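Chains as they are written, first to last, in my numbering: chain A, 1 to 288; chain B, 1 to 157; chain C, 1 to 798.
FYI, nobody ran anything at the bench for these hints, they're computed from the structure.
Remember, it's a predicted structure, so these values are computed and weren't measured experimentally.
Hints may contain errors.
Quick list of simulated restraints, FRET-style, between CB atoms [to be verified]:
id : chain 1 : residue 1 : chain 2 : residue 2 : range
1  : C       : Glu130    : B       : Pro120    : 32 to 40 Å
2  : A       : Ala27     : B       : Asp68     : 18 to 26 Å
3  : A       : Phe43     : C       : His100    : 40 to 48 Å
4  : A       : Phe43     : C       : Asp154    : 45 to 53 Å
5  : A       : Gly143    : B       : Thr119    : 49 to 57 Å
6  : A       : Ala204    : B       : Ala117    : 39 to 47 Å
7  : A       : Ser26     : C       : Glu733    : 51 to 59 Å
8  : C       : Gly285    : A       : Glu162    : 51 to 59 Å
9  : B       : Lys12     : C       : Thr45     : 19 to 27 Å
10 : B       : Ala115    : C       : Arg617    : 16 to 24 Å
11 : C       : Ala721    : A       : Ser19     : 31 to 39 Å
Selected chain A positions facing chain B (in silico; Cβ < 7 Å) [claimed, not checked]:
id : residue
12 : Ala5
13 : Ala20
14 : Ala23
15 : Gly34
16 : Gln35
17 : Leu38
18 : Ala42
19 : Asp53
20 : Asn108
21 : Gly279
22 : Phe280
Every residue, glycine too, gets a C-beta built ideally from N, C-alpha and C.
One-letter residues, chain by chain:
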Amino acid sequence: MKWPAMGYARAKSLAELWSALDAHGSAGQIIAGGQTLLATLAFRLSEPSTLIDITGIPELRGISVQGGALRLGALTLHADLCCDPLVKAHAPLLAAAAPLIAHPAIRNRGTIGGSLAYADPAAELPACVIALDATVITVSAKGERRVPAAAFFTDLLQTALEPQEIIAAVEFPLTKRLGAIEEIARRSGDYAMAGLAATLHLEAGRVIKPRLVYFGVGKIPVLAAAAAKALEGRSLDTASISAVQAALAEDLDPPQDLHGPPEMKRHLARVLTERVLQGFLREKVQAA
Amino acid sequence: MIPISLTVNGEKVVRHVEPRRHLIDFLRLDLGLTGSHAGCEHGVCGACTLRVNGKIMRGCLILAASLDGADVVTIEGISESGEVSDLQAAFVARNAAQCGFCTPGMVMTAAELLAEAGTPTRGEIREYLSGNYCRCTGYQAIVDAVEDTLRSRSAKP
Amino acid sequence: MNEITPASIGLSREDLPNSYIGRSVPRPNVPKLVQGRATYTDDVTLPRMLHAAFLRSPHAHAKFSAIDTARAKAVPGVFRVFTGHDLAKICDPWVATLDHLKGMKSAPQYPLPLNHATWQGEPIVAVVAESRAAAEDGVAALDIEFEALAAQTDMETALAAGTVVIHPELGDNLVFTRTAESGDVAAAFAAAHKVVEARFVTGRHTGVTLEPRSIIADYNPADETLTVYHSTQAPHMMQGVFAKQLRMKEGDVRVICKDVGGSFGIKVHVYPDEVAVAAMARIMGRPVKFVADRFESFVSDIHARDHRIKGRLAVDTEGRVLAFDIDDLTGIGPYSVYPRTSAIEGNQVVNLCGGPYDFKNYRCTTTVVLQNKTPTCQYRAVGHPIATAVTEGLMDLAAEALGMDPVELRRRNLIRDDAYPYTSPPGMRFEGLSHHASLNKLLEMVPLDRIRADQAEARQRGVYRGIGFASFIELTNPSPFMYGIGGARISAQDGCTVRMDPDGSIVASSGVTEQGQGTEAILAQIVAHGVGVPVNRVKIITGDTQTTPYGGGTWACRGAGIGGEAALQSAIALKQQILEVAGAMLQAAPETLDIAMGEITDKASGKPRMTLFELGRIVYFRGDTLPKDLQRELVQTRHFITKEYPFAFTNGIQASWVEVDPATGMVKLLEHWCVEDCGRVVNPMLVDEQVRGGIVQGIGGALYEHCVYDAEGNLLTTTLADYLVPMSAEMPEIHVGHVETPTRESLLGAKGAGEAGTAGAPAAIMNAINDALKPLNARVHEQPFTPERILRALGTIA
């Protein structure tokens, strides 16, 4: 279908953005890469609005290390995540996740800010930012806010963004940790039936601060608390992996979808848990 | 109507566009460039793949209004420039196009892969093309054509 | 680019004139495709052209009455709004039945229904506007009240007492039923050494042509003609349909096909929205364009293969097939689709089950019922993938029950290569097939010993791989026995007109059509071969009812076999005519002359005598120098129809090598092989590509594609993100081999090649998956073989 009639405005600076948002009120809809928004507009499910294009705002761009954190401007492209040297050095999980996102032509235009703001529960980046304990920097006319990634996703396709507030950047702590992402998708580039983005530290063979974030299995990416508790402080072995799998029953309450029933998603989450943690185990063995 | 001034296939284009016009309709309806195809208009099939500012994108997921100052290259432009004439010849030799509706998008995607450094395997070629739907060929001839082109390019001094 | 000369395909003068057939000549159509220079229907713009969009039923089943169009008409850019009643004034409804399908019934279908919506997605109201976007704005502003009715969605309950009868005037939801029975099935089962049985399901899926259905209808009131630019497989058939439904003379309707972006059977049917477009153009006297968008394609393109099949197979101690007993049930939506009908698919299942095998006792019933879902009809390989999956699934079950190798079981039962002519239990007559030669060829290609060793070794590591085989037959080159005898104006004959122009170039116009499969390329080869000119001197015209001989177009794999033979015969006739003229000019007996590479030669010595350019100059510009009574029409037309056999059957066998991940239920396709016998291969490269493309469509049905409905009849898979088509990353490398058993019905000897891949691939994959799962005691027979279904079969999930 053709997009519904709508307005369009370009903001070249944050100041222009605030006045555009003021002018359009609730009819104003932010657009960055548009790779999700424009696809959904073709369904003509939402009311016509004015799209406010933020891709020309320089403050939202850039990849840098500052203040002890890796800072990715909201307009950072998925394609940049694949190969930027700072991303590879400080958040290799993002570099690993990027090739899983759709296809090259989408990655060349889709942005990290857009992916987080859209908050698809099956998308890779929302899970990754939680796994990496990132902070979402939001900005509005009132100023900046810092929202921990784990608190950013509030419900299905809902975030902690206030009206007339946008994502400015995402900051990742420079902590060294193991990280991995695995997903089970019907075809390359599809949204996953289930996925897991995980990070943890291994100190003297013990798991410290594991963050297991499951995606495609709930209304939001799920930071599995019971699973983390089952793993914290234990050595990485078959027994602890089984304990984590068992604990997932408490963490996950997946919905039915076209791919299968909740039971299947729970099962796939357990499979992913084993695969990701076994992967860490192999890395540990290889490192030793 | 939004004023835009951009470059399409090396030519300066100045137009006023409706905000709801996507890039493919802009090219097809406003400029008469019908080589880019609208196969799904929701960003999945890849038939509308073209080049914006040097990178491939989905034309159906881009507002024409957002392209002020952009550099757009379509299948018509990349054909005239000769950049991928070897790839196109390989498509003909391998019968890598049947109905041809996906072909312009497929060529644009393959062109980006060819422009990147490295020598991808058949599996990597398949992966790179995996956002472009072809109903006719079963893909093998397309992979063959891309592989042939990579091989002949790397054989050249 | 890629100019095709004799030298470029390795032909020397000595090979000519008769060597284009059997050569991999590149298609002359491809350069324009790779450069974005093709012209599809949506690329055509006519003066004063308007655009149509449709309000489609949001309910699977509903009544509606009042349609308030006032708000829609007020939308900027909207020109007119049409309801079913508006169009019924000038357009008659149609009923899709065939007389030879005894007892078949269906309801009259209007371009837009009058008050009864019978599937979600059915076009209800049309809005015509200056742009497609404005037309959609108009649709959004239509006010229509639907009274939702209970929907009949489950085919299993379609005939149950108290069920919703979709068309009360029909009395029930039964469209058609047929049982074929031969031999003594009960006795055969009673005497059997082993009996195996299974319940198979083939998932409802659809064609997803990348170019959506597209049409521009242009009625000119001044000369009272309707010109339709149509992305269709069958322009002559559509000419007749538009004329009949719009009460026009057939000669006043012209259908033109520009480049067609894939069809696969999707574009050979009469769609109510397309007839509505023609009707609206007729009313307004202005061109109207309609290009389906992807969402409406999913709800309005025909679906196919919605079958549940219960099958039993009896074998003796030696593994000889004693009997097949099959019960097929299919739901076809609320209307049989015009004019081919929606009963043919089930009828094909009856005709084709057990097809490759030599056995006596057979019973197969198909029951075709109505449902409130998108209508189904013929899609690539109609019925074949269903019959092949049932037959080959049962054969593998029998092999397992017997403890016999599946290849050995097939070898013992395939019809012998010297057994022809042969008539199968349901009455299909085979002129000549090559099952054993094909199996042997396949086993030369498939490294079976290495694969079995690899399989055993992998199992030790908990990796589950499997290989599956599927023999198949395919019905091609149909005679009027398919549709014509049932009263449908669907041509089984086809014609070709070949002419020589003054410069010696050849133009051939044919009634078969180009959908991307390479029809024009093979016609050029055949004509070049027949006349004796370089193939690059031949131009082909297809897809225009006003300039091509009457023909059936593209369906049931007939382009090469029927259209190709017509082209060959007309080319040979033209050559004879040219040689008559040349003989007069050169004062030589025509039979002592030949044509090679566009030159008249002395047949015995091969010595050039005269160019066709020179011959053309004299005929067209200096006819005064030729004998007065010399026939000099350098144009010839021939038509061809098969006469001895109702169909030219082809055969083949496929093998699939897969890996199943029992933890996730995911299937990885490792490699795929196909040997097929389509008779004379005109262009090996194009045949290989037809087979590969067909296999991948079969893979789609086996693993990915599924039109999923909820219990209320709402289609849930309406985007390309939800309806999964095969993409390059997951597809295997496909190896294709050939055996050639030409049909003796024609000089060319070609049969069809376009559907074999699709016919056999799902069965081969199913058997490969079940071979992989064998150590885990799991089996799947319900397509698509999704992770969910495999995990259920494994007992991983309930």
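Quick rundown of the hints versus the structure:
1. C:Glu130 <-> B:Pro120: 32 to 40 Å: About 47 Å separates the Cβ atoms of glutamate 130 (chain C) and proline 120 (chain B), which means 32 to 40 Å is violated.
2. A:Ala27 <-> B:Asp68: 18 to 26 Å: holds (22 Å)
3. A:Phe43 <-> C:His100: 40 to 48 Å: holds (44 Å)
4. A:Phe43 <-> C:Asp154: 45 to 53 Å: Once the Cβ atoms are compared, 28 Å apart, the range 45 to 53 Å for aspartate 154 (chain C) and phenylalanine 43 (chain A) is violated.
5. A:Gly143 <-> B:Thr119: 49 to 57 Å: Holds, since glycine 143 (chain A) and threonine 119 (chain B) (Cβ atoms, about 50 Å apart) stay within the stated range.
6. A:Ala204 <-> B:Ala117: 39 to 47 Å: About 42 Å separates the Cβ atoms of alanine 204 (chain A) and alanine 117 (chain B), which means 39 to 47 Å holds.
7. A:Ser26 <-> C:Glu733: 51 to 59 Å: holds (54 Å)
8. C:Gly285 <-> A:Glu162: 51 to 59 Å: holds (56 Å)
9. B:Lys12 <-> C:Thr45: 19 to 27 Å: holds (24 Å)
10. B:Ala115 <-> C:Arg617: 16 to 24 Å: violated (50 Å)
11. C:Ala721 <-> A:Ser19: 31 to 39 Å: holds (36 Å)
12. Ala5: holds (6 Å)
13. Ala20: violated (13 Å)
14. Ala23: Hint violated; alanine 23 (chain A) Cβ to chain B Cβ min 15 Å, cut 7 Å.
15. Gly34: holds (6 Å)
16. Gln35: holds (5 Å)
17. Leu38: Hint on leucine 38 (chain A): holds, closest Cβ of chain B at ~5 Å, below 7 Å.
18. Ala42: Holds, about 5 Å.
19. Asp53: holds (5 Å)
20. Asn108: This interface hint holds because 4 Å falls under the 7 Å limit.
21. Gly279: violated (21 Å)
22. Phe280: Because about 25 Å separates phenylalanine 280 (chain A) from the closest Cβ in chain B, which is outside the 7 Å limit, the hint is violated.
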